[in-house]
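> Single-letter residue listing:
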Amino acid sequence: MKQVENLMGQVFALVPDCDATRLSLTAAEGYLFSRIDGATPWRLLREMGGIPVDEADSCLSRWVEEGWLDIVSEAPSASSPEANAEQTNAEQADEVQAEPPTPEPPQILEIDESQIDERLDFDVSAQRRILEFEATLGLPYSELLDVPRGSEPNVIKRAYFKLSKEFHPDRYFRREIGSHAERLERIFKKILEAYEMLSDPDLCQVENQRTVAPCPEPSPEPTPEAPKPLTKLERLQQRMPFKIDQAVFASRREKAKEIFRAAERSMEAGRLVAAEASIRIAISFDPGRAEFKEALGSLRIRAAGSRATKLLAAPSERMSGGELREALKLLEDVLIYRPHDPELNDRAARVCLQLGEFNLAMGYVETLLERTPDVAAHHTLLGRIYREQNDLAAAVSAFEAALKLDEEDLDARRALASVRIGERNAARGGTA
Amino acid sequence: MSRVIGIDLGTTNSCVAIIENGQPMVIPNSGGYKTTPSMFGISQDGKRLVGHLAKRQAITNARNTISASKRLIGRRFDDPEVQKTIDLSPFEIVRGPNEDPRIKAGGKIFTCPEISGIILREMKRVAEEYLGETVREAVITVPAHFNDTQRQCTKDAGKIAGLDVLRIINEPTAAALAYGMNRAGEEKIAVYDLGGGTFDISILDISDGVVEVLATSGNTFLGGEDFDRRIVQHLVEWFEETEGVDLRGDTMALQRLKDAAEKGKCDLSMREVVEINLPFIASDAEGPRHLNYELTRENLENLVRDVIEGTIKCVEQCCVDADVRPDDIDQIVLVGGQSRMPLVQRRVMEFFGKRPHKGVNPDEVVGLGAAIQAAALLDSENDMLLLDVTPLSLGIGTFGGHFARLIERNTTVPVSKGHVFTTTRDDQSAVKIRVLQGESDIASENDLLGEFVLSGIPSAPKGEPEVEVSFDIDANGIVSVSARDLATGKEQSITVSSTGTLSDTEIDEIIEEHDLYEVQLRT
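So the sequences go chain by chain: A and B.
Counting from 1, position 69 in the first sequence corresponds to residue 69 in the working numbering; the numbering is continuous, with no gaps.
Just so we're on the same page, the working numbering is the position in the second sequence counted from 1, plus 1000.
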């Protein structure tokens, strides 16, 4: 226990110039080690998982002893709310506070304009509407559906139908709408939840207490009357062999917020891998929170983007076979997040061509041509693939298509000439 | 963009529809009929026949003519309903390598998705002939009570037919879409769908182009064919009594009886009495025997009364599920050929206290609805929206073999739901999450969709660890399940990919074989 007292409430940082490669760690220990960023407090570190808390403690104290870690006695910004919370919580050991969170005042969030993508098959104003509506998902149910509190079931249903018509994922069935697909699912689930809660008088009451009076007076004992028919909620509870404990959810939401703040700090410091891990944990603690998933998505896109820039900077012509394979794998990873990026597809196609993976190359070129059929270079690339596959007729027509689009495409002209010369020679050889 | 079709793949008849100039319409086949029998046969000389051609030769070639394969699709061979069908079918049903029922015809063994695929391909061909262009995409309907496997098998059948199946929707829901299109105002409707092989009842809310399913209920093994069977059984017994000849072993006689029963039953919807006249039905030492029987409407009603009462029980259950009183229903839409029977109409009317709606054709309305849903999905101009529901409850198996529902049946999708579970032993380090689908409170009576283990739970007394299990169903009905240890944040999850009774390779093989066959036909 002494060991734990020493660690309690501390914040750890790697010693400067720490060469972690000399450490030998298990996967779980390595995970814990990777979480040490000079900002995450002890209590969060040990709760983050993968490793039992006592083992985490012993690891931490060992690393401090062995000189890998410095103890930063206070979090970087001592006045920040989480540092205070940290201290009060530390005094109570690892007992989790089970108070419901005070409801946040409704606030309209700024929308993130960068999420609007003009290349999508999707009206920009509709995209804006989705982002704006998403920003209001934290509002009380009745405000979300824009109906007065205590409205008639018919009014609530009409509002729900109206929003469904706008936001149901089927409205954009099989259309290229990028990250908005997830957003729509989230929005629809939320309006469905609002509709279900508001149209059930009993659930509605719970909701009103949650949003209107955080600490309601205990209602007087109901006088015994003739037995009422069971409400939907009661029927559900009877059928469910378990109870929903709101307090548990509330404390987990708080925890998620703390972890997310740590992630934001990591992100600011440019530690993307650590930030991603933290956000994942935050999501696992509070899966309903759109903000976290949003952050994870944009983080992944950001990471993919920076990797893509690096990849595109290195010319593939000078790479060895192994390096090409490696590059292709990385490209494929990045393409998951940016499947239609023309440069990436072009690069991937060229790498595949070099590797002799003609079918794969063809796939990427098809994506290119589907999106931008009017770029000559893409047709030239297509022609080259056909030529490699010895389908000369198809190659010629692809090159011709390229030249039709851009008469000055020297690549295409040269390739076309060489195919024609090859054909002529073959013809001569045949007659001779 | 190529056209997308809606197909009502029925037990006895199928129907294909499209949207033409904003209006849904049924496409007639080359014989001018708006519905095509869901039959497939192999003639004596090895020709493959589908639809009316198959039906025409069914009497002389009963052993090699397959009908009502929809009753078998997606079921296990040992399923009592499959066993019942085996006893009643003139064709041979054998046990397949995946424990699935397969059908023998023309010396070859066919899987059920393959048979449905052949019929879907025929419907696709009917549409292509009419439109003069290739059709690739379709919405297909299934009975509301089909489970995941049955739906997946129907999707596989679509694949075998060369169709990209955009969505599988429920037959009563499709009917409601067709009814609700271009109707203003708000209505609660009940769709009573008594088809050839299945019975479904759904209660829906319609308001300005949005169709919300409130509840659905039914029986996958109850339909018009049961009526025919009752008549056949009655005739066989009567014939044995009066003539002393047992027709049960004579497949050709049984097929003739079945045909006559079906025709007689339909005629009795308009008339009070029909004559069933089958000359030379059998012969023995005393020469040929003829069957001549007068079947009255009252006669028929007595034979099938309990079947109809069974459907009314389902209707009651559905009203309870939807939290709707019978007199809250504004309209009753009757679907399926069997709903034409006067006794059915009378009982439905008595139950709801009002006359059923007359404006839709019970044979075509489902196909029309499928086409409307296809257009609603792909055409951004189309304003209809279907708020569909999960047909069966989803949950996990818990201690003591109980089934804990996390998503109740009739829940609108997409949806996510989660609950916290705990351990049952001290220092239990892992929990097994068994994902189940069904309505029984006993875990083992439901279908297992998948399972996984969440391990690494820190030691604690039983009841202390908290494991949150979350279910997520997306708009396409794909279910994913995750379990998370709240203390450590450790998580495990699976996407429940519903599987049919065929593997992907088997499907590819079948497609290849049928493609070869197509080539053979044309050369």
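Careful, some of the hints might be misleading.
Stated by the list, open to error - Below 27 Å or equal to it, Euclidean Cα-Cα: the simulated DSS-like pairs (lysine-lysine) are: (1) A:Lys-257 <-> B:Lys-1155; (2) B:Lys-1034 <-> B:Lys-1047; (3) B:Lys-1417 <-> A:Lys-257.
To be verified - A short list of chain B residues far from chain A (calculated; beta carbon distances all over 12 Å): (4) Asn-1147; (5) Glu-1212; (6) Arg-1230; (7) Phe-1280; (8) Gly-1310; (9) Gln-1373; (10) Asp-1379; (11) Leu-1387; (12) Val-1413; (13) Lys-1417; (14) Pro-1458; (15) Asp-1474.
Since the hints were derived computationally from the structure, they do not count as laboratory data.
Ideal Cβ placement from N, Cα and C applies to all residues, glycine included.
> Taking the hints in turn, state whether each one holds.
Quick rundown of the hints versus the structure:
{"no.": "1", "hint": "A:Lys-257 <-> B:Lys-1155", "in the structure": "violated, 43 Å"}
{"no.": "2", "hint": "B:Lys-1034 <-> B:Lys-1047", "in the structure": "holds, 24 Å"}
{"no.": "3", "hint": "B:Lys-1417 <-> A:Lys-257", "in the structure": "holds, 21 Å"}
{"no.": "4", "hint": "Asn-1147", "in the structure": "holds, 20 Å"}
{"no.": "5", "hint": "Glu-1212", "in the structure": "violated, 7 Å"}
{"no.": "6", "hint": "Arg-1230", "in the structure": "holds, 37 Å"}
{"no.": "7", "hint": "Phe-1280", "in the structure": "holds, 57 Å"}
{"no.": "8", "hint": "Gly-1310", "in the structure": "holds, 25 Å"}
{"no.": "9", "hint": "Gln-1373", "in the structure": "violated, 9 Å"}
{"no.": "10", "hint": "Asp-1379", "in the structure": "violated, 10 Å"}
{"no.": "11", "hint": "Leu-1387", "in the structure": "violated, 6 Å"}
{"no.": "12", "hint": "Val-1413", "in the structure": "violated, 9 Å"}
{"no.": "13", "hint": "Lys-1417", "in the structure": "violated, 10 Å"}
{"no.": "14", "hint": "Pro-1458", "in the structure": "violated, 5 Å"}
{"no.": "15", "hint": "Asp-1474", "in the structure": "violated, 6 Å"}
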